[in-house]
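Trainee: Line by line, the protein sequences are chains A, B and C.
If you're matching positions, the first sequence starts at 22 in our numbering and goes up one per residue.
If you're matching positions, the second sequence starts at 560 in our numbering and goes up one per residue.
If you're matching positions, the third sequence starts at 126 in our numbering and goes up one per residue.
If you're looking for bench data, these hints aren't it; they were derived computationally from the structure.
Source: prediction; values computed, not measured.
Careful, some of the hints might be misleading.
[What the hints assert, rightly or not] Just so you have them, the derived chain C footprint on chain A, three or more residues with Cβ under 8 Å:
| no. | region |
| --- | --- |
| 1 | 57-65 |
| 2 | 82-95 |
| 3 | 142-156 |
[Claimed, not checked] One side of the interface only, derived from the structure: several residues of chain B facing chain A at Cβ under 7 Å:
| no. | residue |
| --- | --- |
| 4 | Y611 |
| 5 | A613 |
| 6 | I641 |
| 7 | A644 |
| 8 | G662 |
[What the hints assert, rightly or not] Chain B is faced by these chain A residues, among others (derived, beta-carbon under 10 Å):
| no. | residue |
| --- | --- |
| 9 | A31 |
| 10 | F33 |
| 11 | A36 |
| 12 | A75 |
| 13 | G79 |
| 14 | I98 |
| 15 | T101 |
| 16 | W115 |
| 17 | G118 |
| 18 | L119 |
| 19 | C126 |
| 20 | L139 |
| 21 | Q161 |
| 22 | R186 |
Note that the Cβ used here is the ideal one computed from N, Cα and C, for glycine as well.
Single-letter residue listing:
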Amino acid sequence: MPTNAPMPIAFFVLAGVTLVSAICAMSLRNLVHCGLCLALTFAGLATIYLQLGAEFVGLAQILVYVGAVAILIVFTILLTRNAEVHISPVSRSWMVGLAVAIIVCASLVLPIFQSPSLHRTPIMTPDATVRLIGEKLMTQYVIPLEAIALVLTAALLGAVVIAMRDEPEEKTKQMMEPPRRGGAKPELDPPRLSIPAVETRQ
Amino acid sequence: MTPLHHYLVFAALLFSIGLAGALTRRNAILVLIGIELMLNAANLNFIAFWRYSANANELTGIMFVIFSIGIAAAEAAVGLAIVIAIYRHYRTTQLQNVDNLKG
Amino acid sequence: MEGVDQIFVIAKHWITAWSFWPNALRPFVSILLSIVPIIGLFALAFGITTVVERKALGRVQNRYGPNRVGIPLTKIRLAGFGQFMADGIKMLIKEDIVPFSADKVVHYLAPLALAIPVWLTFAVIPFGRNMSAIDLDAGLLFFFALGAGSELAVFMAGWSSRNKYALVGAMRGIAQMISYEIPLVLSTVAVVMIVGSLSLNEIVRAQSSYSLGFIPHWHVFTPWGFAAFVFFMIAACAETNRAPFDLPEAESEIIAGYLTEYSGFKYALFFLGEYMGLFAITGFAVTLFLGGWTAPLPFLNVVPSWLWFFLKFATLIALFIWVRATVPRLRMDQLMKLAWKFLVPLTLINLLVAAVWHYSGGWAFTGALAIRWVFCGAVIGSAYVALGRGLHTKHFAPRAYRYAD
């Protein structure tokens, strides 16, 4: 099968699955189901990236989004006890939100359908090898690379600090001191077990 | 071969689904899920335009999306850490209950 | 001996060229001919590995393993090697119990979500010369992406069972898999750095030359490659939830962890997925560090390349079984400490050592090889010893005895 001609049927099937799972991710009552549908959406998007010939990006999408972000979201849902079903899942002004979303969608989709310059087919087949991506990262995009390294470090430290449980100082001090011998009740020695094998060795 | 505007319409639909979810749902985590969907829709737009462009060997779209995926992951981590911290304080993640600064 | 080496490739091309197939179906026939033998072979290997493992574990523990089962329902005796067939039949006919309050859809999909990504990883491993099913440009990234995808299945299994042991087991399992992904990826980054490509065929090709006429250029014969191989094997043990890292599914600790509420064929699928993950990771270890399908000595190239791959593969599986039989289980905090405080710094230092080795490759004076070996070995060895000594806790918390009064 030629790899640089995305088949329309494949696109419609994948896009359909992705859209349905995105709608489920936003509208299901059970939050864990929402998280899992979100993982499916990410995977569907990754297959569309692969179909478009962006191999590295598609695999990175699975590795980062499905393998890390989806799991992070699911863990947060569990840690904040949102796994049970709530009574009213939508806010009181949900119609306004939905209307805004529909207006945004219409204002994006209608111009797309009406502009003839967007109805084109691929002009060239690019050569998006990992080697080329690496060369560009190290020469043309090296400053964004260093910047994103700083951003990721800051995000890592920030997330750990924000989500860390602050223990009150006295509790930590109490835990770190050795137990007092004088004032508190003295611990009894454990009763010596008489194991004949041990005693005869001495 | 699917023409470009199919991908763009798909990305627009995905974006508006994310937007609808972020605006209508009450739970903070679902708002973050909506934001992630919007970011992904924008990434798809970049990749589609890259593939259908005249000088695709410049790899501009791919570079942008690589950095965008990295930033989105970092932002999701920090956002969810904030949600956990808020939960620890207010014992809830429903956004209408976090209203101490409401005038 | 070119014919024996390429016998499977030649057979595949010959069958695809039959005029019996309609032209539209020909690409599908070609793909099926790549996929079906891989699936069949590794399913059979799974069966035999379970029996061999049980026998080996039994012998180490001073008892026989399974030694009676032949082919079920016949009188053929196989000294225990038919055990996997009997187990398979047993699991297929067992009742499929789903807890009443379990989340039915997620409970059903979890074994599939585990088995499918794991089977997909077999597509990029080069089993012999010209014998990888797909030659992806980013094959190594494909493997790690699918490994990450199978973590979600563990969560689905644990959460949907509505069982606190299952959930705790799943959380521990995910924490372990995420923690050990980092040393796994970092130890392969050294290989990628030196070879310059993510394609597995390219990595094997970079190891296929011989220096001094008889020493192969396998990555395991360099100081950084040997260290990376050791770290990769440790992280691979942990990634596939295998002893000594099998706390998430240990029977004596947590019943069966996230597998508690699964019976019958779903349990068989989990079991299969685990072993397939083990096979895939072993295949990667062979490809990345042990030279893939290349022979250790140049005159041994008469032996077919796929046979060399499977010999090395079998050796590593035997090593895993040996480790399982010998080493006691790690506790959760010991496990996490090993990953984050020991393996991550060591793999990062290994990257530096690999860079030093690569850039000092141009030294041509006599004794250069010895100096490079000593220097690189000293750096990584001293880091290993320093971290090992530094992280060793000699003082424990004072013991508290609580009596019944």
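Trainee: Give a verdict on every hint.
Mentor: Against the structure, the hints:
Only residues whose C-beta sits within less than 8 Å of a C-beta in chain C count toward coverage, and the region 57-65 of chain A has 3 of them, enough to reach three; the restraint holds. Coverage of a stretch by a chain is defined here by at least three residues with a beta carbon nearer than 8 Å to that chain's beta carbons; for the region 82-95 of chain A and chain C the count is 8, and the condition holds. Under the rule that three or more residues need a Cβ within less than 8 Å of chain C, the assignment of the region 142-156 of chain A holds, with 3 such residues. Restraint check, Y611/B versus chain A: the minimum CB separation of about 5 Å is within 7 Å; hint holds.
Evaluation of the A613/B hint against chain A yields a held restraint, the C-beta minimum of about 5 Å falling below 7 Å. Hint status for I641/B: holds, given a least beta-carbon distance of 6 Å to chain A, under 7 Å. The beta carbon of A644/B comes within 5 Å of a beta carbon in chain A, closer than 7 Å, and the hint placing it at the interface holds. The restraint placing G662/B at the interface with chain A is violated, with a minimum CB-CB distance near 18 Å, outside the 7 Å limit.
Given the 10 Å rule on beta carbons, the hint for A31/A holds: about 9 Å separates it from the nearest Cβ of chain B. Checking F33/A against chain B: minimum C-beta separation of about 8 Å stays under 10 Å; hint holds. Satisfaction of the interface hint for A36/A is found here, the shortest Cβ-Cβ separation to chain B being roughly 5 Å, below the 10 Å cut-off. The beta carbon of A75/A is positioned within 10 Å of a beta carbon in chain B (closest approach about 5 Å), and the interface hint is therefore held.
Because the beta carbon of G79/A sits about 9 Å from the nearest beta carbon in chain B, less than 10 Å, this interface hint is met. Annotation: interface hint on I98/A holds; nearest CB of chain B at approximately 6 Å, less than 10 Å. The restraint placing T101/A at the interface with chain B holds, with a minimum CB-CB distance near 4 Å, inside the 10 Å limit. With 10 Å as the threshold, the beta carbon of W115/A comes within range of chain B, its nearest partner Cβ sitting at about 4 Å, so the hint holds.
The criterion of a C-beta within 10 Å of any C-beta in chain B is met by G118/A, whose closest approach is roughly 3 Å, and the hint holds. Annotation: interface hint on L119/A holds; nearest CB of chain B at approximately 6 Å, less than 10 Å. At its closest, the beta carbon of C126/A sits 3 Å from a beta carbon of chain B; the interface hint therefore holds under the 10 Å criterion. Because the beta carbon of L139/A sits about 5 Å from the nearest beta carbon in chain B, less than 10 Å, this interface hint is met.
For Q161/A, the interface hint holds, the least distance from its beta-carbon to any beta-carbon of chain B being 8 Å, beneath 10 Å. Evaluation of the R186/A hint against chain B yields a held restraint, the C-beta minimum of about 7 Å falling below 10 Å.
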